[in-house]
Amino acid sequence: MARYNPNLEQPLDRAPEQVSGVPGPDFGINVPTDGYAWWYLDALSDDGNEGLTLIAFVGSVFSPYYAAARRRGPADPEQHVSVNLALYRPGLKGRWAMTERNARSLERTAERYALGPSSLYWDGNALTVTIDERTAPWAQRLRGQLRVIPTALNPSALMLNPDGNHLWQALAPAARIELDFEHPKLRWQGTAYFDHNRGDAPLEQGFRYWTWSRTHLPTDRGLTTRVRYDYFPRAGGRACAGIRFDEAANLELMDPADLPPASRLPMALWRVHRCARELEPRVRQDFEDTPFYTRTLLDSADGPVVCEGLDMERFQSR
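Using my numbering, read the sequence shown as starting at 6 and increasing by one per residue.
Don't read these hints as lab results, they were simulated from the structure.
With a cut-off of at most 20 Å between alpha-carbon atoms, the simulated DMTMM-like pairs for lysine to aspartate or glutamate come out as follows:
{"id": "1", "residue 1": "K190", "residue 2": "D52"}
{"id": "2", "residue 1": "K190", "residue 2": "D51"}
{"id": "3", "residue 1": "K190", "residue 2": "D137"}
Label pairs and their calculated CB-CB ranges:
{"id": "4", "residue 1": "A306", "residue 2": "E14", "range": "21 to 31 Å"}
{"id": "5", "residue 1": "P122", "residue 2": "A73", "range": "19 to 29 Å"}
{"id": "6", "residue 1": "R148", "residue 2": "D18", "range": "44 to 54 Å"}
{"id": "7", "residue 1": "R269", "residue 2": "D225", "range": "32 to 42 Å"}
Predicted model only: the values in this text are computed from it and were never measured.
Each residue gets a CB set at the ideal place from its N, CA and C atoms; glycine is no exception.
Given these sequences and hints, build the entire structure.
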């Protein structure tokens, strides 16, 4: 399978534009034909021994069924919806679930996203997630609840491409999380990060590749959050963003010239290119390793980093 080799030394041709967003997740947002929206959460326990990621999709961007529907003609994103939850334990086998469902199983309002037996509910101050799924590939029970309490909310979004039809918003750059699961038996607390992506067109039409990382940096007043993006639009060129959120979730765009160079990371089994603009990055654990997507926990000079790489050239390959 061919690999896309992003030229990380290619000159920067643009930076993202800051636009207004909505404080809070707004699960009832309109998602147009062939488009997508997702709400993403990752978290690490205070002792560093546990982790998770959660993604709620409308228009499941990585679904082969949604991709096939788009090839046949205009596709309804609400016919391809899913909740993805992955639990991680360094050095041990975690649990992973992602069941794609259709519009009959979906209920959405501004405050609530419910899909089959699982749901996300925003009460204005905290996010409560109820999970009742079966894992892949062994159909184990994955059942429990988690509560996410943001330190502050960020109302600003970034427009990732010149057409303005792909946006990203860090809703709660820093948060506390409380997890209580029956299956498997788990109970822990830690730090979390919560964001939102949406687009009016298929993701693969906008981008060839991107890499993204986030890290929390403690201060005397709480947690600040740093996010770094490198992405290669389908139209050509390279864009780069460095974003800093203070303890009150105020967004500051950094000068790309002040960012560390992108360091290539060792390839995992599927050999997707991955890299990070971090100081002295070292792979601690491969959270996800797929033919076109990786999620990695790194150690760096500044602390733990969650990093992902997405190869949309591979995703388009049948």
